[in-house]
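Student: Those sequence lines, one after another, are chains A and B. When we follow our numbering, the leftmost residue of the first sequence carries the number 1, and every step to the right adds one. When we follow our numbering, the leftmost residue of the second sequence carries the number 1001, and every step to the right adds one.
Treat the hints with care, since some could be wrong.
Result set (DMTMM-like, lysine to aspartate or glutamate): computed pairs, CA atoms no more than 20 angstroms apart in a straight line [claimed, not checked]: (1) B/Lys1257 with B/Asp1044; (2) B/Lys1002 with A/Glu164; (3) B/Lys1002 with A/Asp172; (4) A/Lys129 with B/Asp1044; (5) B/Lys1002 with A/Glu167; (6) B/Lys1002 with A/Asp163; (7) A/Lys129 with B/Asp1036; (8) B/Lys1257 with B/Asp1038; (9) B/Lys1257 with B/Asp1036; (10) A/Lys129 with A/Asp50; (11) A/Lys129 with B/Glu1253; (12) B/Lys1002 with A/Glu103; (13) A/Lys129 with B/Asp1145; (14) B/Lys1257 with A/Asp216.
Quick caveat, the hints were computed from the structure, so don't treat them as lab data.
Listed below, chain by chain, are the residues.
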Amino acid sequence: MDARMARAIVNGLLVALAVISVAPLLWMLSVSFMQPGEASGFPPPLLPSDATWHNYHQLFAQAGMGRYLLNSLVIATATTAIALLLNTAAGYAFAKLRFAGREAVFRTLLAALVIPAQVTMMPLFLMLKELGLVNTYAGAVVPGMAAVFGIFLVRQYARSIPDELLEAARIDGAGEARIFFQIVLPALRPILVTLAIFTFMASWNDFMWPLIVLSDQGLHTLPVALATLSREHVQDNELMMAGSVVTVLPVLLLFLVLQRYYMQGLLLGSVKG
Amino acid sequence: MKPSTAGWLFAAPALAVIAVFFALPVLAALALSLTDFDIYALADIGNLRFVGLGNYLGLMRNPLFWQALGNTFYFVLVGVPLSIALSLAAALLLHSRLGVFKPFFRTAYFAPVVTTVVAVAVVWRYLFHTRYGLVNWVLAGIGIDPVDWLGDPDWAMPTIILFAVWKNFGYNMIIFLAGLQAIPEDLYEAARIDGASRWRQFLHVTLPMLGPVMLMVAILTLSGYFQLFAEPYVMTQGGPLQSTVSVLYLMYEEGFKWWNLGNASAVAFILFVIMATITYGLLWVARRKGAE
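Please model the entire structure based on the sequences and the hints provided.
Tutor: Spelled out as structure tokens, the structure:
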């Protein structure tokens, strides 16, 4: 096979796979601007004949999308802020501070990764019900506040902080809290960005737990609201595509802007199985 | 303050959260799975009875449980190899020296990974619509009759598998790409000098060198695919004819539709045992192979 042929095949396949990956997303965007009913024809139109904001207007004015967007934002932001603090402190401790039982605890945490979170959902629901946290933002935030994956990610990165740096600060009389905030956190900045993106996206995209703990419609997150809407509005394709755009766009943009950090974290998090 | 005290203090908040909201519920789920916790117990805990292995035995006699287990295994056994194969193929394409615009393609392939499952499942349900879906229109163009993708019990699960492969292949692709970049060029050089063809280089250099990466990818993908839930919830609601009821879908319906939380916990535990067995089984096989 000559080189030009090989080049054509490789690039042809690259393009074909890109079309398959992106076409559904582009079509979602296109249909979301179509007139109601326009997308239910055959053959399906590829572009709106007369682009309109009608579906978005409908979503926010009639279907309460603004409320769901707010719920998603509040829950994902709160989860990210808390998880960032707790996981970073713990990840740093596991990497750099010697304490009794450290290795044993860390091994236990890693072993616990095989337990699927769904096992906890029934007791967790009953527990939060007792605490009065079912149908509150707090109920949706609670299980995401700390994560083994996050601790692991920070630990991997924090190991590269030189011990001499910390020792020098201790000799200068700096307390452990001061060392953490003034030396460790700045050194960890790239991985903090990574952890923030991962946590935010996981929380934003999460479906099963919010579905269980937020049965109150006013508290629905975007994915839960979208799933509910899609069961009611089976025929309103244009409306549903607009709803999908509103749900997907924030995380997609976040990823595109901070892609470098995301990829770095993905690789760091999977160095060790 | 000594660093050792500080260590515990820094780790404590996260460990406390994990202990209270993860470890404790796992133990409680085991206990719950041995009771008949239902809507009456939810109203008054006095109605709770210990039933031993009753829930587990009941599930063994429940045809829907076996169907859900079978559907989940179908999804995993077909979906995981397909997913890994496409990930590897995409990584090889991106690694090839012949390709152009590779950063752009990498981002395009990865885009579905970060999207919300529920939202893109809604999009796919529409793409695969029997009458006006884009997929049937394309198929009609090459002379294939319309397929009732999500309405035919034989096609619903394959459609969900296609969706999952499309959504997820980018993730493993990135891991494979890093693995490919770590293979020393000399190995290919040596193989070429020995006259090995492209295909033989792939079989005897690339695949063996990717071994550890492959193991990790397989474990991560398996555990992800066993947790199938949102896709059938949105695309098929478990139908048609319960052909897409997954184990977790069954758990959700048992637990939070019918409020049989004891039974739902038993379902969850069985899934956990299956996943743990497969994970440790793979690790064991890999270790034995590595030791030889």
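Student: Determine for every hint whether it applies to the structure shown.
Tutor: Here's how the hints hold up against the structure:
no.	hint	verdict
1	B/Lys1257 with B/Asp1044	holds, 18 angstroms
2	B/Lys1002 with A/Glu164	holds, 16 angstroms
3	B/Lys1002 with A/Asp172	holds, 14 angstroms
4	A/Lys129 with B/Asp1044	holds, 13 angstroms
5	B/Lys1002 with A/Glu167	holds, 12 angstroms
6	B/Lys1002 with A/Asp163	holds, 15 angstroms
7	A/Lys129 with B/Asp1036	holds, 19 angstroms
8	B/Lys1257 with B/Asp1038	holds, 11 angstroms
9	B/Lys1257 with B/Asp1036	holds, 16 angstroms
10	A/Lys129 with A/Asp50	violated, 49 angstroms
11	A/Lys129 with B/Glu1253	holds, 19 angstroms
12	B/Lys1002 with A/Glu103	holds, 18 angstroms
13	A/Lys129 with B/Asp1145	violated, 52 angstroms
14	B/Lys1257 with A/Asp216	holds, 15 angstroms
When held up to the earlier numbered hints, the structure conflicts with 10 and 13 and fits the remainder.
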